[in-house]
Amino acid sequence: MKNKKALRLIVIVISLFILTVPMAAANEKVLNIAVQADPDSFDPTRSVAAATVEIAFNIYEGLVKANEYGELEAALATHWEIDPSQTVYTFYLRDAYFHNGQKVTVDDVVNAINRARDPQIGQKAGEYQAIESVYGEDNRVIVKLRAPHGPLIYEFADLAMAIYPKDAANLANQPIGTGPYKFVEWRPNQSIKLARFDEHWADAKPYFEEVNFRIIPDDHSAILNLKTGFVDLIPRLDASLLHQVEGDPRINVLAAPMNLVQLLVINNQDPILKDLRVRQAIALAIDREEIIFGAAWGNGDPIYTGLSPAMPKFYNDSLEDVYPYDPDRAKKLLAEAGYDKLEFTFYLPAQYSLHVNTGEIIAEQLNRVGIKANIEIIDWGTWLDKVYTQRDYQLSIVGLTGKLDPHAILVRYTSDSSRNFFNFDNQEYDRIIAEAIDVPDEQRVQLYRQAQKIMTENVAGVFIMDPSQLVITSKDLKGWKNYPIYVIDVAALYR
Amino acid sequence: MKFIAEKLISFITTIIFVSLITFLAIQVLPGDPSLLILGTEGDPASREIIREQLGLNENIVVRYFKWIIGVFRGDLGQSIRYSVPVRDLISDALPLTLWLAFLAVILSLVISIPLGIGLAVKGGSVLDLLGSLIMQIGMSVPAFWIGILLIQLFAVKLQWLPPGGYGSFVSFILPVLALALPRAAVLTRVVRANMLDEFREDYLRTARSKGLPQGKVLYKHALRNVAISIFTVAGIHLTQLLVGTIVIEQVFSLPGLGQLLLAAVLQRDLPLVQGLVFIGAVLILTANLCFDFLIAALDPRVRFE
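Taken in sequence, the protein lines are chains V and H. Quick note: the first sequence, position 103, residue 103 per our numbering, numbers continuous. Quick note: the second sequence, position 201, residue 201 per our numbering, numbers continuous.
Derived lysine-lysine pairs resembling DSS-like cross-links, with alpha carbons at most 30 Å apart:
#1 Lys475/V x Lys205/V
#2 Lys453/V x Lys372/V
#3 Lys157/H x Lys29/V
#4 Lys157/H x Lys475/V
#5 Lys193/V x Lys157/H
#6 Lys166/V x Lys144/V
#7 Lys478/V x Lys313/V
#8 Lys157/H x Lys478/V
#9 Lys144/V x Lys313/V
#10 Lys453/V x Lys274/V
#11 Lys205/V x Lys481/V
#12 Lys481/V x Lys193/V
Restraint ranges, calculated between C-beta atoms of paired labels, are given here:
#13 Arg51/H x Glu289/V: 40 to 46 Å
#14 Lys274/V x Asp75/H: 50 to 56 Å
#15 Val30/V x Leu29/H: 39 to 45 Å
#16 Phe72/H x Tyr92/V: 56 to 62 Å
Just so you know, the hints here were simulated from the structure itself, not pulled from any lab data. For each residue, glycine too, the CB sits at the ideal point set by N, CA and C.
Using the sequences and the hints, build the whole thing.
See the structure below:
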């Protein structure tokens, strides 16, 4: 008897407990965003992971920042001037405050820039080697260049150039910036919490008072969290899961170009692939429509060169017919080259289901022209070691993320670039990229279009698609801004 | 006393052995943290700087000894991925995994003991057949799939429970159920089979014939003898769960040891992997030890062997 009473009591207590716990977060001024991975480090000199940049974009600001069209806008500098010699940049500093209440000074800016370009400190210091010196005068920051370097100004919008207090310690875990949101808390593997920074220099106050980036590695779980109101936004959904949310009255789906170049990577120095005819045959064997339909459920734009159409100013749109889908011509070329059966190893990065799916379709397409691609699915660390660093591979698939300036994207195909894991080697290409650094804008456009033509004609790789970024939000969330770089602009969002 | 000393020595040797193997395994894996930090933007110069900063250029033997000495001082080192002490990361994630494992084992016991006895009593009937069929299905269905079904039902359709995350006691209900149900199916079969064996024993017939009520016969006499098999299986389940909740953590986005380990391996975060494997080994060995003692307590024969 006694036992039964105790049991009844326990049941009552537990039910009360369950009933009193609120279900979804009720506060409409709180925004919950599902992200897949933890940031690496919030220290701007250390951080390179995309997962960090998309969050840090809301915390830190540089002198300038990018808008959704990929253009530069004033941030901590109210405006800037570049002298006629193109070697002296003058930034006029704004009255602004850090999240810890300190006023932003010229010294803070000089310190941050100097650290970013110091190879012993800044992980992206290589991008800033054009800078000779930096100093402050009154409210101005003057940056002197060794020689004109057109693309440099875009690098000032990078997280690596974020401004933080010069006496800040432990930015990696306690970032202090000037952005519209300030850092509150980071619980590894769980969430990152930000709060609105009410002393931000911009007059417009963001709608959301609190933002939680919830780390949900599994996309299925992220969708379920969205459907139940525990999450308001999934910034990047895998296309294969789109059917789970389409048609759901509680959910909005936005698709936009990602400025990501997905390509079939070909090792240009491989004994067999060195032969241009073999590379051309591969290019002719690829049917992009089939891939986009089969691997991305139709969510992507075909591309024919190493730049995405998301950069319309520089994109060369006349390359579509250089190597159209033509399996017969591919077979002929292979025969000409003296190959009747070819076999390659084909590495696919396990983490990226889009690339794995793409690779499986490509293997089948290559098979149709008599090329056997033996798929090996490897993890990202292995990929970076074998394909990217040692360049010990034949074929692979990867996506290269977009930048604001085409130079940063195209320079990796130059023969002496340490990032040229394609082993692409074309002297004309090298010359054009070098020339484009210090010429006026119209000429740059022409040069970059020419460079794209060379990389396509010589099959540096087979460029496949710019996959659409699938942004999934709850019905009432508005204001999503699609950037050509990897960010989430929380300040623009509202209900 | 000798029993305990022996156990302790094998405990320490196992842990050193395990740590050595993990250390070597991670070295053999292609790719290092500097590559993963830099991704497709890396170049040899920045890699070299990072390798230097992370101490990856030091001799491997030196690194191992530094680590093992640190462990004896209670310092598991610094995580490369999160730049915080490994100890802090583990102590944040550990309680969750412990709770998941314990609650799942307890729930599976609570379900399976009465159910198994019930089915044994009805042995051979339609009810027993039906039960066995359900058990068979329950055993073959993976926990993560049950998890997804539970989320669909209780979180999406009925909206009674959260679909994941780690807030309060409530967020444990679904993952614990998902972990417990397949194991309860296994245990129910164990209970049923052992009970049926027990029914054939003379002492039960005697107990019945002297007029003991059915409940007493089952729970006081039979269960006591079946308990050893039950706890042996439950013990195996517990050790599996201590390091095996990784998929369920993924499905329910729970920040436990499993998720941490997955992230650490993918990022080649050696100190974190080392720390987690170390803790995993300690947990399993401790759990095994506890069950050894428990079974010794239940079965006097074990103590004399």
